[in-house]
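Student: Here's the letter readout for the chains.
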Amino acid sequence: MIAAKPAQLQPRYDVVVVGAGPAGLAAALGARETGAERVLVIDREPEPGGILQQCIHPGFGLHHFGEELTGPEYAQRTIEQALEHDVDVLSGAYVLDVSPDRRLKVTSRDHGLAYLDAGAVVLAMGARERTRGAIRIPGERPSGVMTAGFAQKLVNLGGLLPGKRVAILGSGDIGLIMARRLVLEGVEVLGVFEIMPHANGLNRNIVQCLHDYDIPLHLSTTVVHIHGRERVDRVTVAPVDAAFKPRMAEAWDVPCDTLLVSIGLIPDNELAHRLGLRLDPVTTGPVVTSTMETSRDGVFACGNVVHIHDLVDYVSQESLLAGRGAGAFATGAAARPDNVRLTPGLNVRYCVPPTITTEREHTVYMRVTKPMAPCTLRLGDVYERPLRYVFPGEMLTLKVRPRFLEGFHGGSLRVDVVPRGEATPI
Amino acid sequence: MRYDVAVIGGGVIGCAIARELSRYRLRAVVIERECEVGLGTSKANSGIIHAGHHGAEGTLKGELEWRGNQMWDALAHDLHFGFKRVGDLTCAFDEEQRATLRRILEQGQRRGVPGLELWGPERLRREEPNLSHEIVEALYGPTAGVVNPYEACFMLAESAVLNGVDLLLERAVRGIRRGEHGFDIDVEVTGTGAQEHVRSRFVVNAAGLFADDIAAMVGAGGFTIRARKGEEYLLDKRLIGFVKRIVFPCPTPTSKGILIIPTYDGTLMVGPTAVWAEKDDLTTTAAGSAEAFAGARKLAPGISEADTIAEFAGLRAVSDAEEFVLGPSRVAGFVLAAGMQSPALTAAPAVATAVLEALRDDGLELVAKDDFEARVPEPVRFAELSYAEQRSLVARDPAYARLVCRCEIVTEGEVRDAIDRGARTLDGLKFRTRVGMGRCQGGFCTWNCMELLHRRLGMPLTAVTKRGGDSWIACERLPVHGQAPAAERVSAGGSAEATP
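Top to bottom, those sequences are chains A and B.
Quick note on numbering that gives the first Met the number 0: the first sequence kicks off at 0 and runs consecutively.
Quick note on numbering that gives the first Met the number 0: the second sequence kicks off at 0 and runs consecutively.
Careful, some of the hints might be misleading.
Claimed, not checked - Cβ-to-Cβ under 7 Å is the rule here; a few derived chain A residues that face chain B:
#1 106
#2 107
#3 108
#4 137
#5 152
#6 159
#7 184
#8 230
#9 386
#10 387
#11 390
#12 409
#13 410
As the list claims (entries may be wrong) - Using 20 Å as the maximum straight-line C-alpha spacing, the simulated SDA-like pairs for lysine to any residue come out as follows:
#14 A:163 / B:462
#15 B:236 / A:279
#16 A:244 / B:462
#17 A:244 / B:391
#18 A:244 / B:292
#19 B:236 / A:272
#20 B:236 / A:283
#21 B:236 / A:163
#22 A:104 / B:292
#23 A:244 / B:396
#24 A:104 / B:391
As the list claims (entries may be wrong) - Here chain A is said to cover these stretches of chain B; the calculated rule only asks that three of the stretch's residues, wherever they fall, bring their Cβ under 8 Å from a Cβ of chain A:
#25 232–244
#26 282–295
#27 333–341
#28 434–447
#29 456–469
Don't read these hints as lab results, they were simulated from the structure.
Where is the CB? At the ideal position from N, CA and C, for every residue including glycine.
Using the sequences and the accompanying hints, generate a full structural model.
Tutor: Here you go:
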């Protein structure tokens, strides 16, 4: 592991990035590319790399590095790139506060407490997992109910097991990955219970982590009660009707000592709240421009703090852009304001960025609300593309090229995903 | 071991009694069956110090509520637990309820509760804009407060121990016999099942839900304790300031109803429900959630289930007469502090005083110590310090510069201090430092806490529990593919292994 630490903290940096996961490291690289000289990445863990360090499975990097890597390998490449570009990385540190004039209050074991000034700030704190409390699963409160990510940390970084008989609530990717991981460690994985009629994770994870190991996936089924006074001893599960109401007559008990919860990620936006950034009610992340700048001048955001990504490769690409934006801001280069708004239409939950310019090429990330196949993606009446299928668990990517918008003079474009062959209803 | 007084039960009542006893020259012990104090009813309640006007006249609950209320400032000052007087509002939606408000107001005024005021809609809108516009009048009581009840327990116990009281944890009382010179108490060490005996001249029964069983062991029974469950729902910090005061609906003869409580730390809490339950039923239910949120939304329509970060249930220890069972029993030397339902937390310091009076009446000599230390060392709370204070703290001890819990901003130094002051479990750390109490519910900090318990106490990671007993967090990695067991392969620091 290469992770040089700055011998001395400077009172002022061109760009300070909060979070040394794949988003933060790519942003730092982007900032250096545009000529920002002093770039610092601050991270709370003892080593940079973020959550990738506990994702020891392969499947990362196919898009960004053109080869399949494990999480720690992907992290290490990113760390090395940053270090080769003279980015300073401060691990074991925490940003307690950021003021609107971009002064950061930082605490770290190595340097104590300090204020740093930044020409531009990039928020790249990632996401946290939704917990049992968030969905109010009835029952007792024994130990053994934990997020899939915590279980992953126990197994892959701690060398410990979360339990010996495990049920999994929610078909998020981390839960699917952990189902396989635990089976490989000799743990009995009793099933994955998903309240939606479709899985939430990537299709490849359903196949490679569940089907290949004969782990049952119960769709339209949820955990309705947790039992156990000190440690979980069983959970009651029940199918749900179309309104997600449990059909208790058909409930059954699953004896287990552990319930992993994999019910989604939430952008970790404490600092965004402190800064009073405008937030998107759908993504819950900051509203950003096409250069990933937030509603505060010089404050940029990227990765899972903005919206939850499916693949880390897209995080890296989006974050390079944010870093370039931050670097340009810090060195005084003004960005052209966006002039086209993208409005989510049929079966589109959100678009990031929500605004673009007609001058450059933009990569727009989207999520759909429900599965559909085959279908058509339409960008107003200027562009359309056939799609084999769309799926809520997979992000949809649209490259908007300047030529699509030649001759377009309106202020906004609706983005729709409609069944193949159907016209877009107005 | 021979004692003058044995207190059975280490909840807030038992701890307050123990701390009061520690002022005097005598040998006292607290016997608690859980691995830390305050983990029963005392932990899972609303944390309200009631204003003093709610409880009916001529009842112990009513009189001790107001007497106890006045004792909390001094306790919080000496023991450094979180307490602040935020005030409360009792809301009326119609004329009949307005009449009830007037009755409570007069009751409070006769009792001497200061500052009670009736607020009309205009004043209410101005002070609490998020409350329902259908509230026609509210009774404001400035003396109401909120406390972190578990912190109060820990600190009362710590103060008692500091002043010479023994604390026996993980000890369940299995039998009590009245002998010639006092009581013989049979104690079972929970977990191992080993038997111990404690002898004491006097016994105080502060055993909460099980006070009836304990009293019956020595023939001092004759009352039953039933459990009435209350569910509470904690909301995200985002809602800090949504309401500033404790908000009550107008009370009915049987219930205070569903409240909105701005806890000491600012997080909103809604509840509690009230249903009869078994004494071990700590389940939260879909029905309870629906009732709590419906009740809260009636008071403040903007409250939503979607903001829930955690929920819990607690059990009220309710006597037959719905009244405190307090004072001497039919067995000389065996004093009761039972039936401690709301407002028992408020009343706890006054209950302790009453118990000491009963002990004195039964013949216990109370000679004040000249070396009683009222205060305990103030715990460091990094998040509450100024920048200058934080800086000098961090310069003195870099452990305070490393963040363990990001939601609640708790440092490694604070967690270490909590371990040094007796925390042995994740819940013990959580309720002392707030680590894991925030919106991520321990997702980030649990591992850090496990490592700190391991490093500080030499406790194996697999021995770390949520709250003692069988509440383990992790077990050894199973041997796979003929490899050696995990313990031999994994270094103590828990380095990453690249198992495919």
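Student: Against each hint, give a clear statement of whether it holds in the structure.
Tutor: Status of the hints after comparison with the structure:
1. 106: Result: holds, 5 Å to nearest chain B Cβ.
2. 107: It holds, given that the least Cβ distance between residue 107 (chain A) and chain B is near 6 Å, below 7 Å.
3. 108: holds (5 Å)
4. 137: This hint holds: residue 137 (chain A) lies near chain B, its Cβ roughly 5 Å from the closest one there, short of 7 Å.
5. 152: holds (6 Å)
6. 159: holds (4 Å)
7. 184: With Cβ-Cβ at 6 Å, under 7 Å, it holds.
8. 230: With Cβ-Cβ at 5 Å, under 7 Å, it holds.
9. 386: This interface hint is violated because 32 Å lies over the 7 Å limit.
10. 387: violated (32 Å)
11. 390: violated (25 Å)
12. 409: Violated: closest Cβ of chain B sits about 35 Å from residue 409 (chain A), beyond 7 Å.
13. 410: violated (32 Å)
14. A:163 / B:462: holds (16 Å)
15. B:236 / A:279: holds (18 Å)
16. A:244 / B:462: Since the Cα atoms of residue 244 (chain A) and residue 462 (chain B) sit roughly 39 Å apart, the hinted pair is violated (cutoff 20 Å).
17. A:244 / B:391: Not OK: residue 244 (chain A) and residue 391 (chain B) at ~55 Å, beyond 20 Å, violated.
18. A:244 / B:292: Between residue 244 (chain A) and residue 292 (chain B) the Cα gap is close to 18 Å, so the pair holds against 20 Å.
19. B:236 / A:272: Roughly 11 Å separates the two Cα atoms, so the pair holds.
20. B:236 / A:283: holds (15 Å)
21. B:236 / A:163: violated (35 Å)
22. A:104 / B:292: violated (38 Å)
23. A:244 / B:396: violated (53 Å)
24. A:104 / B:391: holds (15 Å)
25. 232–244: As far as the stretch 232–244 of chain B goes, the hint holds, because 3 residues have Cβ atoms under 8 Å from chain A.
26. 282–295: Holds: 6 residues of the stretch 282–295 of chain B have a Cβ under 8 Å from chain A.
27. 333–341: Violated, because only 0 residues of the stretch 333–341 of chain B bring their Cβ atoms closer than 8 Å to Cβ atoms of chain A.
28. 434–447: holds (count 8)
29. 456–469: Check passed, 8 qualifying residues.
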